[in-house]
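Enquirer: Sequence:
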Amino acid sequence: MRPNPIPPEPGQESVWDYPRPAILQDTDKHIKIIFNGIILAETNKAKRVLETSHPPGYYIPAEDIKLEYLIATSRKTMCEWKGVCQYYDISVGDKYVNNAAWQYIQPTPNFTSIQEYYTFYPSLMDACYVNDELVKPQAGGFYGGWITSDVVGPFKGEPGTWGW
Numbered sequence: 001m002r003p004n005p006i007p008p009e010p011g012q013e014s015v016w017d018y019p020r021p022a023i024l025q026d027t028d029k030h031i032k033i034i035f036n037g038i039i040l041a042e043t044n045k046a047k048r049v050l051e052t053s054h055p056p057g058y059y060i061p062a063e064d065i066k067l068e069y070l071i072a073t074s075r076k077t078m079c080e081w082k083g084v085c086q087y088y089d090i091s092v093g094d095k096y097v098n099n100a101a102w103q104y105i106q107p108t109p110n111f112t113s114i115q116e117y118y119t120f121y122p123s124l125m126d127a128c129y130v131n132d133e134l135v136k137p138q139a140g141g142f143y144g145g146w147i148t149s150d151v152v153g154p155f156k157g158e159p160g161t162w163g164w
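Each residue of the sequence shown is one higher than the one before, starting from 1 at the first, in the working numbering.
These aren't lab readings, by the way, just hints derived from the structure by calculation. Quantities reported herein were computed from a predicted structural model and do not represent experimental measurements. Any given hint could turn out to be false.
Label-pair ranges, simulated between beta-carbon atoms [what the hints assert, rightly or not]:
#1 7 with 68: 41 to 49 Å
#2 13 with 96: 32 to 40 Å
#3 68 with 162: 35 to 43 Å
#4 36 with 109: 16 to 24 Å
#5 133 with 109: 26 to 34 Å
#6 91 with 21: 32 to 40 Å
#7 81 with 3: 30 to 38 Å
#8 96 with 39: 16 to 24 Å
#9 110 with 13: 30 to 38 Å
#10 38 with 9: 32 to 40 Å
A virtual CB, placed ideally from N, CA and C, is assigned to each residue, including glycine.
Please put together the full structure from these sequences, using the hints given.
Expert: See the structure below:
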């Protein structure tokens with residue numbers, strides 16, 4: 001059963017207006033990720049994935065990430081719209097987190113431009129920012145959406161939302 005979308009205010013987007021299947025957009029929003037006291041990634045050249053009922057996921061170009069802290073894992077998953085992705089653990093100093101980032105290593109034709117980009121679970125980072133606003137992580141361990149004040153839901157990931 002589809003929930004009742006929250007009407008967006010001026011300057012906001014509703015995730016219920018996002019398309020299905022997902023699409024990819026360039027964004028010049030300032031994205032910053034902090035992990036164990038370091039800026040792990042920072043860019044104004046991100047891409048965002050938009051999909052019905054999900055807050056955007058922000059993907060950062062490899063050149064704007066401290067890749068020396070990412071460790072490839074054996075975990076791979078497949079998204080019907082985006083393709084095959086590879087997961088990464090992150091290790092900075094005494095802090096280590098499993099499967100905290102991913103990259104589409106075999107993207108579908110509509111997502112080929114995302115291949116050299118990575119994204120991170122906000123729930124596993126110390127902080128993620130979009131234009132200096134602290135991101136609220138999307139609920140649930142499966143999804144990696146970034147919730148900010150300019151996006152309204154309800155969002156998939158809360159209990160009872162799996163079938164949306």
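Enquirer: Is the hinted range of 30 to 38 Å satisfied by the C-beta distance from residue 110 to residue 13?
Expert: Roughly 20 Å apart at Cβ, these two residues miss the hinted range, so it is violated.
Enquirer: For residue 13 and residue 96, compare the CB-CB distance with the range 32 to 40 Å and indicate the outcome.
Expert: 35 Å, holds
Enquirer: Between the beta carbons of residue 133 and residue 109, is the distance compatible with 26 to 34 Å?
Expert: With a Cβ separation near 33 Å, residue 133 and residue 109 satisfy 26 to 34 Å, so the hint holds.
Enquirer: Given the hint of 41 to 49 Å, is the C-beta distance from residue 7 to residue 68 inside that range or not?
Expert: 45 Å, holds
Enquirer: Cβ-Cβ distance between residue 96 and residue 39: within 16 to 24 Å?
Expert: With a Cβ separation near 18 Å, residue 96 and residue 39 satisfy 16 to 24 Å, so the hint holds.
Enquirer: Does the hinted range 35 to 43 Å hold for residue 68 and residue 162 at CB?
Expert: 37 Å, holds
Enquirer: Looking only at beta-carbon atoms, does the pair residue 91, residue 21 fall within the given range of 32 to 40 Å?
Expert: The hinted range 32 to 40 Å holds for residue 91 and residue 21, with Cβ atoms some 34 Å apart.
Enquirer: How does the Cβ-Cβ distance of residue 81 and residue 3 compare with 30 to 38 Å: does it lie in that range?
Expert: 22 Å, violated
Enquirer: With 16 to 24 Å as the target window, see if residue 36 and residue 109 comply at their CB atoms.
Expert: Roughly 37 Å apart at Cβ, these two residues miss the hinted range, so it is violated.
Enquirer: Kindly confirm whether 32 to 40 Å is satisfied by the beta carbon distance between residue 38 and residue 9.
Expert: Hint holds: Cβ distance 35 Å, inside 32 to 40 Å.
Checked against the numbered hints given earlier, the structure breaks hints 4, 7 and 9 and satisfies all the rest.
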